[in-house]
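Engineer: Letter by letter, the chains look like this.
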Amino acid sequence: MSEQQLFKVTIDNITIEVAPGTTILEAARKIGGEVAPPAMCYYSKLKGSGGKCRTCLVEVSKGSEKDPRPMPKLVASCRTTVMDGMEVKNITSERVVDARAGVVELLLINHPLDCPVCDQAGECHLQDLSYEHGNAGTRYEFQRRTFKKHDLGQYIQLHMTRCILCYRCVFTADQLTNKREHGVLDRGDHAQIATFIEKNLDNDFIGNVIDVCPVGALTDKTFRFKNRVWFLKPVNAHCDCPKCSGKVTLWYRGEEVFRVTARKDQWGEVEDWICNECRFDKKKTSDWVIEGPREISRQSVISLNHYVGMQKPKETFEAVMDGRKPRMFMDIHDVSEVNRPDVDLSLIDGPAHSDDFNKTNKKD
Amino acid sequence: MGIKLLLDKAHVEGIRSYEVYRREGGYRSVEKALKELGPEAIVEEVKKSGLRGRGGAGFPTGMKWSFIAKPEGVPRHLVCNADESEPGTFKDRYLMEFLPHLLIEGLIVSSYALGSNATYIYIRGEYAWIPDILEEAIAEAKANGWLGKNILGTGFDLEIYVQRGAGAYICGEETALIESLEGKRGNPRIKPPFPAVKGLWDRPTVVNNVETLAAVVPIINMGGEEYAKIGVGKSTGTKLISACGNINKPGVFEIDMTISVEEFIYSDEYCGGIRNGKRLKACIPGGSSVPILPANKLFKTAKGETRYMNYESLADGGFASGTMMGSGGFIVLDEDQSVVKHTYTLARFYRHESCGQCSPCREGTGWMEKILKRILEGKGKMSDIDLLWDIQRKIEGNTICPLGDAAAWPVAAAIRHFRDEFEWYVNNPELCLTSNYGLAHYADPLEVVTA
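These protein sequence lines map, in sequence, to chains A and B. Note that UniProt numbering has the first sequence beginning at 1, numbered continuously upward. Note that UniProt numbering has the second sequence beginning at 1, numbered continuously upward.
The set of hints was computed from the structure by calculation and includes no laboratory data.
In the EDC-like style, the derived pairs of lysine to aspartate or glutamate whose C-alpha atoms are separated by at most 20 angstroms in a straight line are:
| id | chain 1 | residue 1 | chain 2 | residue 2 |
| --- | --- | --- | --- | --- |
| 1 | B | Lys373 | A | Glu141 |
| 2 | A | Lys73 | B | Glu396 |
| 3 | B | Lys184 | A | Asp174 |
| 4 | B | Lys184 | A | Asp186 |
| 5 | A | Lys47 | B | Asp202 |
| 6 | B | Lys379 | A | Glu141 |
| 7 | B | Lys149 | B | Glu31 |
| 8 | A | Lys73 | B | Asp390 |
| 9 | A | Lys47 | B | Glu182 |
| 10 | A | Lys73 | B | Asp405 |
| 11 | A | Lys47 | B | Glu179 |
These numbers were taken from a predicted model, which means no experiment stands behind them.
Can you build the whole structure from these sequences, using the hints too?
Structural biologist: Next up, the structure:
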C-alpha cells in the first residue's frame, strides 16, 4: 500500500503536514495554542456543523503551491479544507483580529453578560472568546432581545436570551435522536431555538444538547444553580450502560455527586455521547466505577484550587501552635441554616430554596 | 429603437397562448437544439454568446454550465430561479407573466444541454398568480409534444415542475433556494461544494435566473457569435431593466447595453426623464443591494468618460465612484428624496430578510436598522455615522452568503456619497420630522448635472 500524500500547510508561520480533506481549523488544532481559531458553532462530532458563528474566520494569504493567489475574503476555517502549500494567517492577521472583535461585539448584542447568575459560568466559551478577542465595552445602546424561559421537559431548561444560535443543539437532536422535535423558528434577529408549540424533549439522548451548548442557554435542571462548577471536583467514572458508552465525568462536592456530564476533550467537545439515565438519574457514587481525577487544563477556571503536585508549607497552624488545633470562633451552622451538613443539595429538585434547608434529605 | 430579442413579441396579442407563440416562431430553438445541435454544441453556443447571468452576479453562463459534474448514473438538475425579491427588480415577473412560453422554451433547450430530465421553476411566493400562468403554459407545451417522454423523437425526456416559495428573499440565493426546494428551511449552504457538484438532493445542479434562461432562445436561434455582436465588450446581448422611482415612464425595458445612463433616464424610449420636472439626485442602477450613486457620479465614470448601461461601465472606479449592473432594478431618486430615509427602508428590508444563520448578518442588520431609525427620527448622534460605517464593514465579506454584502453596500454607499445629509439629520433634529425632511439643503451638489 502506498503512503497517503500529505499536504503541507503553514498557519501563523508554523508548518504542519496533514491529510488531504483536513480543515484549516483541524490543522490548527493539531498545532494547538493560540494558532487554533476559536469555534462557537463548529463541533467535530456533529455532521454539517460550523460556518455559522464566523468566529473562526482566517486569512488565506496563499491558496496553494499550484495557485498561490490569496483568497480575497476571510474564510471560515472550520469549513475550508487545506491545500498543499497553503499559508494561513490567524492571529497574525490584522484583518482577522479586527473581524473577530467585530463578531464578538455582534454576538454580545443579544447575549447578556449575566455571568454572576448564569449556570455556564466557568464553562462558557463565549466568555473565553470575549476575554481573548473582544473589546472592553459595547457600542450597542438599544434594548436587548428578551424571551420567556422555555421548558424543554423534565430535565432541560432553555434560556433563549442567552442563545447565540450556533445550531449545535439542533444538529445534536437531529443526529442523535430518532425524531426531529426542535429547531429554529423565525429568521434574522428574531430567530429562536424552540420546540414546535412548547413540546418536551424526552428522547433518551437529548441530554447531550446541554453538553454541546457553548453558552448557558441550555441547562441541566438537576444541577442548575446548585453549585459553581469551580467548586466541584471532576472525576472520571464509568458504568455498564446498555444504551451508551457509560463513560462520564462525575462532578463532586465533598461526597455528593452534583452532576454527571459526558467527558470533554481539550476543545470542549464531547468524547462519547451519554444517555439521559446516566446523566440525570445516576447521582450516587455506588452507581459508578471511579477511574480517577479528571485532568483539567490549567487555563480553565475549573482548575481553581485543584493544584497538582502542590507541596503544602510545613509551618501549619498546628506546627506553630505546638500541636494545638486552631480555635474556631464561630461555626456557621450555629447561626445559619444554609449548607446544613444533613442536606444534600444535589438531591433537591430544582434550584435550592430556603425552605429546602428545613428538610433532611441525606442520601443512603 | 433598440434591439429587442426577448420582448420583441411581447406586444403581440395573445402571445401568452401556445398557438400564437408558435405561430410567431416559438419553439424553433428547441427544434434546432435537439435535432441539429447536441448538448455540447449548445453549451458552446452559449459560451460564444458571452451571456452573463442576469440574476445579479453576472457570471458567464456558458462557463457555469461547463462546470457541472457528470458522474455516471447520477441525475442532474436545472433549476430556474424565479424568486425575484430584490426591491426595485421586477423584470422576471414581466417575462413570466407575458411570455411564459419563452421561458419554457429556454428551459427545454437548457435542460437538454445540461442533461436534466427534471427541471424546476422556483418562484417567489408573492407572485401568486404567475405559477398558474406557467403551469398552463407547461401543460400546453406538454400537450404539443415539447415536454414529456421522447421529445421530438430524440429520446430526450423532460418534466418541468413549478414550486412556489414561501416568501423569503434569501431563497433567491442559489443554495438557500436548493434547501427550500428540498423542503428545508431556506438557509444558504456553505460553498464549496458548489451546486454544480452537489446541488439539489446532492446531485449536480445548475441554478439560472429566468432572464438568463429566456436569453438562451435567441442565442440558439441566431447563433452565439451573432448574439455576442450585440452589446459591448463583455456585456453582450440585451438586458432587461426594470426602472422605477421618480421617473415619467416606469416599466420593464430591453436595452442592448450600448446606451448611456443619461440616455436611459432622459430619453422618451425609456424612462422619459424625471417626474414633475424635478432634478435627479441619485440612482440605484442594479436593484436595492447595489451601491447608490449620486447624480454627479452617475453619468460620468471615474475617468470622466460617459457611463454606459453595461456591467463594466457601471462598475468603473470600484465602489468609490462606481456601482454595479446587478439584476437591473433601476431605482431613480429625485431631489425631494431623502437618502437617509431610503437607506433606512433598505436596512429594514435586509434586517427582516436575514435568515439569521450567521452572526454578523443576523445581529449587524438589526443594529444598522436601529441606528438609521434613530438618525431619521432626529435622535441621532454624529458618532452614529461612524458607527454605521464600522458595522457595515464588519458585515461585508464575513458572512456565508451575499446577503451580508447586500445589506452592507447600500449603507456604505449612502454614507460615502451622502455623508453631509446624514450629518444634516443629526444637526437639525427639529426639522427631521417635518414633511419635506428639510432637503432643500441638498440642492448644491446637483448643479453639476446637465440634464
